[in-house]
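> Here the protein sequences line up with chains A and B, keeping their order.
When we follow the numbering used here, the leftmost residue of the first sequence carries the number 1, and every step to the right adds one.
When we follow the numbering used here, the leftmost residue of the second sequence carries the number 115, and every step to the right adds one.
Honestly, the hints are just simulated from the structure, not real lab data.
Just so it is clear, CB atoms sit at the ideal spot from N, CA and C, and this is done for glycine as well.
One thing to keep in mind: the hints can contain errors.
Claimed, not checked - Reference excerpt, derived from the structure (chain A facing chain B, CB under 10 Å, subset only):
1) GLN38
2) ARG42
3) LEU44
4) LEU102
5) PHE104
6) THR106
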Amino acid sequence: AQSVAQPEDQVNVAEGNPLTVKCTYSVSGNPYLFWYVQYPNRGLQFLLKYITGDNLVKGSYGFEAEFNKSQTSFHLKKPSALVSDSALYFCAVSYGAGANNLFFGTGTRLTVIP
Amino acid sequence: EADIYQTPRYLVIGTGKKITLECSQTMGHDKMYWYQQDPGMELHLIHYSYGVNSTEKGDLSSESTVSRIRTEHFPLTLESARPSHTSQYLCASSEGRSHEQYFGPGTRLTVT
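Hey, can you work out the whole structure from these sequences and the hints?
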């Protein structure tokens, strides 16, 4: 069965510093990996995805994520955090072609401190 | 901005009432999903549909039911609401073989 883990419930970072939000996955096969962001009282917004190809994926709002097959990780990163990046971030995994259902992690609350 | 809509955005109802949460998308996506999310917590898939007249239960058992009579419409119904149904309900859709899902703004339901 596929699953995804976000080991940190909360990440705090100072504005202007680099940020990392961690995600590890477990699937039997080639994973399709996603990051979504949720602002208060809103639905989820798509940030980026890894399907195949380059391990470094660039997404919206200056975010990027690195797929590491040996470590089964897909950490979200940004070189310089903004206060407006403060939100709830979800990692998700989908298994293989034709399986469109997403399995979400428990979420990580990112707080960027001015 | 994705063209997927949910109404109502907020709903407070009494125990035992029947309610329907509406979800519509104008993107022509064949796949649609319902998730349940407690505030600030993970999402749990409760229903999904791969097309008209197709509905399946998700990973989390739910007393709600869904229907998919039209491609663009995927309503969720609770026949008799209970306080345990208090939660946020998120609708999403995706196209063909794409795994990227587009989410609506959610309905926050409170059952008193």
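> If a hint holds in the structure, say so; if it does not, say that too.
Here's how the hints hold up against the structure:
Here the hint on A/GLN38 is kept, as its CB sits about 9 Å from the closest CB of chain B, short of 10 Å. Taking 10 Å as the C-beta cut-off, the interface hint given for A/ARG42 holds, the closest approach to chain B being about 6 Å. Restraint check, A/LEU44 versus chain B: the minimum CB separation of about 4 Å is within 10 Å; hint holds. For A/LEU102, the suggested interface contact is upheld, since its CB lies about 6 Å from the closest CB of chain B, less than 10 Å.
A distance limit of 10 Å between C-beta atoms decides the matter here; for A/PHE104 the minimum to chain B is near 5 Å, and the interface restraint holds. A hinted interface residue such as A/THR106 counts as satisfied when its beta carbon comes closer than 10 Å to some beta carbon of chain B; here the least separation is about 4 Å, so the hint holds.
Hint compliance for this structure: every hint is met.
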